[in-house]
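**Student:** Protein sequences appear in the order of chains A and B.
The first sequence begins at 12 in our numbering and counts up one residue at a time.
The second sequence begins at 429 in our numbering and counts up one residue at a time.
Incorrect hints may appear among the rest.
Claimed, not checked - Just some of the chain B residues that point at chain A, by a computed CB distance under 10 Å: (1) A430; (2) Y461; (3) P489; (4) F493; (5) Q534; (6) G539; (7) L542; (8) T545.
If you are wondering where the hints come from, they were derived from the structure by calculation, not from laboratory data.
Please read these numbers as outputs of a predicted model, since none were measured by experiment.
The beta carbon of each residue, even a glycine, is placed where N, CA and C say it ideally should be.
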Amino acid sequence: GQQVMQIPQYQHVQEGEDFTTYCNSSTTLSNIQWYKQRPGGHPVFLIQLVKSGEVKKQKRLTFQFGEAKKNSSLHITATQTTDVGTYFCAGESGGSNYKLTFGKGTLLTVNP
Amino acid sequence: EAGVAQSPRYKIIEKRQSVAFWCNPISGHATLYWYQQILGQGPKLLIQFQNNGVVDDSQLPKDRFSAERLKGVDSTLKIQPAKLEDSAVYLCASSLVSWGAGVEEQYFGPGTRLTVT
Numbered sequence: 012g013q014q015v016m017q018i019p020q021y022q023h024v025q026e027g028e029d030f031t032t033y034c035n036s037s038t039t040l041s042n043i044q045w046y047k048q049r050p051g052g053h054p055v056f057l058i059q060l061v062k063s064g065e066v067k068k069q070k071r072l073t074f075q076f077g078e079a080k081k082n083s084s085l086h087i088t089a090t091q092t093t094d095v096g097t098y099f100c101a102g103e104s105g106g107s108n109y110k111l112t113f114g115k116g117t118l119l120t121v122n123p
Numbered sequence: 429e430a431g432v433a434q435s436p437r438y439k440i441i442e443k444r445q446s447v448a449f450w451c452n453p454i455s456g457h458a459t460l461y462w463y464q465q466i467l468g469q470g471p472k473l474l475i476q477f478q479n480n481g482v483v484d485d486s487q488l489p490k491d492r493f494s495a496e497r498l499k500g501v502d503s504t505l506k507i508q509p510a511k512l513e514d515s516a517v518y519l520c521a522s523s524l525v526s527w528g529a530g531v532e533e534q535y536f537g538p539g540t541r542l543t544v545t
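Let the sequences and hints guide you as you build the complete structure.
**Tutor:** Following this line, the structure appears as structure tokens:
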């Protein structure tokens, strides 16, 4: 079945440093979503990417979808302590049930 | 708008006991999902409903897990009998997806943390 892999598993940064997490799928995706889960919380939707090569920005967050639609990345510029949490990508490979497969996530911690 | 409601928030049971979780999705959301999230991992889809019909239950351990969504609104997930490896957070999510429109964002509830001893 479809597998979605994320690296790194953990990332610790100093406040103000940049952060990037990468997501790779074993199959071509029809779309990919990103979620953030704060410690002790539940996943919260950040964004959805649909088009090959798509780039979207949300303030300090930049999301990319690869040309082959098998990989994606999330980049945070100048991290803040409020960015702490686990970032998950979730891919949907098409088909009839619109099922999302989540990666294991990247846990980001930020040292003030 | 009210979010996805789940209860209970926490549950501790002994192995071989049974347990049930309840979820009330956001009003008007046709699709409802149950996920299992083991510590340190991403959510794993157990079952997906479109209204009151099952769309995907390929990863649901059907020998011990069951779920229903009567009337296409709230849903219950049951485990009987529980095993130690069922210790996890059980997340319910809902989305507005209209069939044929593709995947839309999912709204997650706070989850139920299950500990099996």
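**Student:** Give a verdict on every hint.
**Tutor:** Hints versus structure:
For A430(B), the shortest C-beta to C-beta distance to chain A is roughly 15 Å, which exceeds 10 Å, and the interface hint is violated. A distance limit of 10 Å between C-beta atoms decides the matter here; for Y461(B) the minimum to chain A is near 8 Å, and the interface restraint holds. For the restraint placing P489(B) at the interface with chain A, the shortest Cβ-Cβ distance is roughly 16 Å, beyond the 10 Å limit, so the hint is violated. Taking 10 Å as the C-beta contact cut-off toward chain A, the hint placing F493(B) at the interface is violated, the least distance being around 17 Å.
The beta carbon of Q534(B) is positioned within 10 Å of a beta carbon in chain A (closest approach about 6 Å), and the interface hint is therefore held. For G539(B), the suggested interface contact is upheld, since its CB lies about 6 Å from the closest CB of chain A, less than 10 Å. Given the 10 Å rule on beta carbons, the hint for L542(B) is violated: about 15 Å separates it from the nearest Cβ of chain A. Taking 10 Å as the C-beta cut-off, the interface hint given for T545(B) is violated, the closest approach to chain A being about 21 Å.
In summary, the numbered hints that this structure violates are 1, 3, 4, 7 and 8.
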